[in-house]
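Hey, can you work out the whole structure from these sequences and the hints?
So the chains spell out like this:
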Amino acid sequence: MSDAAAPARPSGLALGVTFAALVALTSLELIVVAGMDMERAARITTLAGLLMAKVGLVLFFLMRARENWWSARLTMAAIALGAGAAVVLMLETVYRVSVT
Amino acid sequence: MWTFLATDAMGFAGVLIAYGFLRVRADVWLDARARLELGPAAAMTFALLLSSLTMTLATRAASVRARRGWLLATLALGAGFLAGAAIEYVHLLASAAPMGLSSDLFASTFYVVTGFHGLHVLAGVVGVAFMLRAKHGAQAVETMALYWHFVDAAWMPIFSFIYLWPAR
Chain Z
1 MSDAAAPARP SGLALGVTFA ALVALTSLEL IVVAGMDMER AARITTLAGL
51 LMAKVGLVLF FLMRARENWW SARLTMAAIA LGAGAAVVLM LETVYRVSVT
Chain V
1 MWTFLATDAM GFAGVLIAYG FLRVRADVWL DARARLELGP AAAMTFALLL
51 SSLTMTLATR AASVRARRGW LLATLALGAG FLAGAAIEYV HLLASAAPMG
101 LSSDLFASTF YVVTGFHGLH VLAGVVGVAF MLRAKHGAQA VETMALYWHF
151 VDAAWMPIFS FIYLWPAR
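From first to last, the protein sequence lines stand for chains Z and V.
Counting from 1, one number per residue, gives the positions in the first sequence under the numbering used here.
Counting from 1, one number per residue, gives the positions in the second sequence under the numbering used here.
Just so you know, not all the hints are guaranteed correct.
[What the hints assert, rightly or not] A partial selection of chain V residues facing chain Z, derived with a Cβ cut-off under 10 Å: (1) Phe12; (2) Val15; (3) Thr45; (4) Phe150.
[Unchecked claim] Far from chain Z by the CB rule (all over 10 Å, computed), these chain V residues: (5) Trp70; (6) Ala73; (7) Glu88; (8) Ala96; (9) Lys135.
Worth flagging that the hints you see were computed from the coordinates, not collected in a lab.
Note that the structure is a prediction, hence the values are computed from the model and not measured.
From the three backbone atoms N, C-alpha and C, an ideal C-beta is built for every residue, glycine too.
See the structure below:
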């Protein structure tokens, strides 16, 4: 594929906003862990949400998965399966600990 | 490239699922902050994020010279990430209570998961170094950037699960 045939890239502003959002989300993760007094389940749920937002930003804005949707689906499914299974397992453990 | 990334993502998925099972089925799971330093790991994370930015800028560079500059910055940040990981390993192995590969389940999973990702970063650094030496077109840099962003994305759940998530 030549440069001329390459799909349209996000603008410089969109790129800057994406990276600012990634830095902000990572900083939020650190604040949730080190600076906020939260229940364990709430903390895990918040961290899982921030994680999904970060991975989504990278996949859709940096890797431009939408433009390669058919071939990108398998990659996204594998990432979602791995991270999702780990999240569910740990939340299930928190639930079990909280009810016993 | 997407097909390769899909197979690689399945490898990461397998590692993360195994990590999740081992963690929730363990009788005892230490809090990460009892052993691991959050500050250096956060710095490594920001370095990897920044390297994704420099790699994206390399794909958008108008001239070969500018592209090489951004690739060099990406290489430096990737090498910095690897150096941070190596220092962390040395620190853990040489501490008063050494954390070896077979010390316990926490240690084993930590080394396997971070080591698996570290090998991917190393492959990326070698790839970027190769691009600096050889004459490659914009499309080759785009392909390399896709891999680099994938490695960045793969680090996100690892950083979250190992360093941030509270123990039971």
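Hint check results:
1. Phe12: holds, 6 Å
2. Val15: holds, 7 Å
3. Thr45: holds, 6 Å
4. Phe150: At about 7 Å, which falls below the 10 Å cut-off, the nearest Cβ of chain Z leaves the hint on V:Phe150 intact, so it holds.
5. Trp70: Correct as stated: the minimum Cβ-Cβ distance to chain Z is 13 Å, above 10 Å.
6. Ala73: Given a closest Cβ separation of 14 Å, the condition holds.
7. Glu88: V:Glu88 clear of chain Z: closest Cβ-Cβ about 17 Å, beyond 10 Å.
8. Ala96: Per Cβ check, V:Ala96 is outside 10 Å of chain Z; nearest 24 Å; holds.
9. Lys135: Given that every Cβ of chain Z is farther than 10 Å from that of V:Lys135, nearest at about 15 Å, it holds.
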